[in-house]
Amino acid sequence: ALVDGSLPTLIADKDGKAVGGNGTITAATLDGTTLKVTDSTGNTTSVALQ
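First residue of the sequence shown? That's 1 in the working numbering, and the numbers climb one at a time after it.
Don't read these hints as lab results, they were simulated from the structure.
For each residue, glycine too, the CB sits at the ideal point set by N, CA and C.
Any given hint might turn out to be false.
Taking lysine to any residue pairs in the SDA-like style, the calculated list, with each CA pair at most 20 Å apart, reads [as the list claims (entries may be wrong)]:
(1) 17 <-> 2
(2) 17 <-> 50
(3) 36 <-> 26
(4) 17 <-> 42
(5) 36 <-> 9
(6) 14 <-> 41
(7) 36 <-> 24
(8) 17 <-> 40
(9) 14 <-> 42
(10) 17 <-> 48
(11) 14 <-> 40
(12) 14 <-> 26
(13) 17 <-> 3
(14) 14 <-> 24
(15) 17 <-> 41
(16) 36 <-> 50
(17) 14 <-> 32
(18) 17 <-> 35
DEER-style ranges, computed between Cβ atoms [claimed, not checked]:
(19) 42 <-> 5: 12 to 22 Å
(20) 15 <-> 46: 28 to 38 Å
(21) 28 <-> 5: 10 to 20 Å
(22) 5 <-> 41: 14 to 24 Å
(23) 46 <-> 24: 23 to 33 Å
(24) 6 <-> 47: 14 to 24 Å
(25) 35 <-> 4: 23 to 33 Å
(26) 13 <-> 43: 27 to 37 Å
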């Protein structure tokens with residue numbers, strides 16, 4: 001468990017494969033059912049949560 005008591009979770013694509021990559025996350029926001037993750041280069045990736 002993390003310091004706040006939460007558990008780390010993987011995000012999977014529609015085929016059940018884990019979504020991932022290298023880099024540093026600088027921000028993560030939830031916009032409805034879309035998780036928007038911004039990395040240290042300023043790129044934002046949107047992940048639909050369904």
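Outcome of the hint check:
With a C-alpha separation of about 23 Å, the suggested pairing of residue 17 with residue 2 is violated against the 20 Å cut-off. Proximity of residue 17 to residue 50 is assessed by CA-CA distance (about 15 Å); at most 20 Å being required, the pair is judged to hold. Under the criterion of a C-alpha separation no larger than 20 Å, the hint pairing residue 36 with residue 26 is consistent with the structure, at around 11 Å. Straight-line distance between C-alpha atoms of residue 17 and residue 42 comes to about 25 Å, which puts the hinted pair past the 20 Å bound.
Distance check on the hinted pair: residue 36 and residue 9 sit about 16 Å apart at the alpha-carbon level, within 20 Å; holds. With a CA separation close to 26 Å, the supplied pair residue 14 and residue 41 exceeds the 20 Å bound. Taken as a hint, the residue 36 and residue 24 pair is honoured in the structure, with Cα atoms around 14 Å apart against an allowance of 20 Å. Among the hinted pairs, residue 17 with residue 40 is inconsistent with the structure: their alpha-carbon atoms are about 24 Å apart, more than 20 Å.
Of the pairs offered as hints, the one joining residue 14 and residue 42 is violated, with about 26 Å between alpha carbons and a cut-off of 20 Å exceeded. For the hint linking residue 17 to residue 48, the alpha-carbon distance of about 14 Å falls within 20 Å, and the restraint holds. With a C-alpha separation of about 26 Å, the suggested pairing of residue 14 with residue 40 is violated against the 20 Å cut-off. The suggested pairing of residue 14 with residue 26 is violated, with an alpha-carbon distance near 25 Å, which exceeds 20 Å.
Between residue 17 and residue 3 the alpha-carbon distance is near 27 Å, which puts this suggested pair outside the 20 Å criterion. For a cut-off of 20 Å, the pair hint linking residue 14 to residue 24 is broken: about 24 Å separates their Cα positions. Simply put, residue 17 and residue 41 have alpha-carbon atoms about 25 Å apart, too far for the 20 Å limit, and the pair is violated. Of the supplied pair hints, the one linking residue 36 and residue 50 holds, its CA atoms being roughly 14 Å apart against a limit of 20 Å.
About 18 Å separates the Cα atoms of residue 14 and residue 32, which keeps this hinted pair within 20 Å; it holds. About 17 Å separates the Cα atoms of residue 17 and residue 35, which keeps this hinted pair within 20 Å; it holds. In this structure, residue 42 and residue 5 break the distance hint of 12 to 22 Å, their C-beta atoms being roughly 31 Å apart. Checked against the hint of 28 to 38 Å, the C-beta distance between residue 15 and residue 46 comes to roughly 18 Å, which is inconsistent with it.
Separation of residue 28 from residue 5 is about 18 Å and conforms to the stated range, judged on CB atoms against 10 to 20 Å. Between residue 5 and residue 41 the Cβ separation comes to about 31 Å, which falls outside the hinted range of 14 to 24 Å. Between residue 46 and residue 24 the beta carbon distance is about 18 Å. The supplied range of 23 to 33 Å is therefore violated. Against the hinted window of 14 to 24 Å, the Cβ-Cβ separation of residue 6 and residue 47 comes to about 18 Å, which satisfies the hint.
Checked against the hint of 23 to 33 Å, the pair residue 35 and residue 4 fails, with Cβ atoms roughly 18 Å apart. Under the hint 27 to 37 Å, the C-beta atoms of residue 13 and residue 43, about 18 Å apart, miss the expected range.
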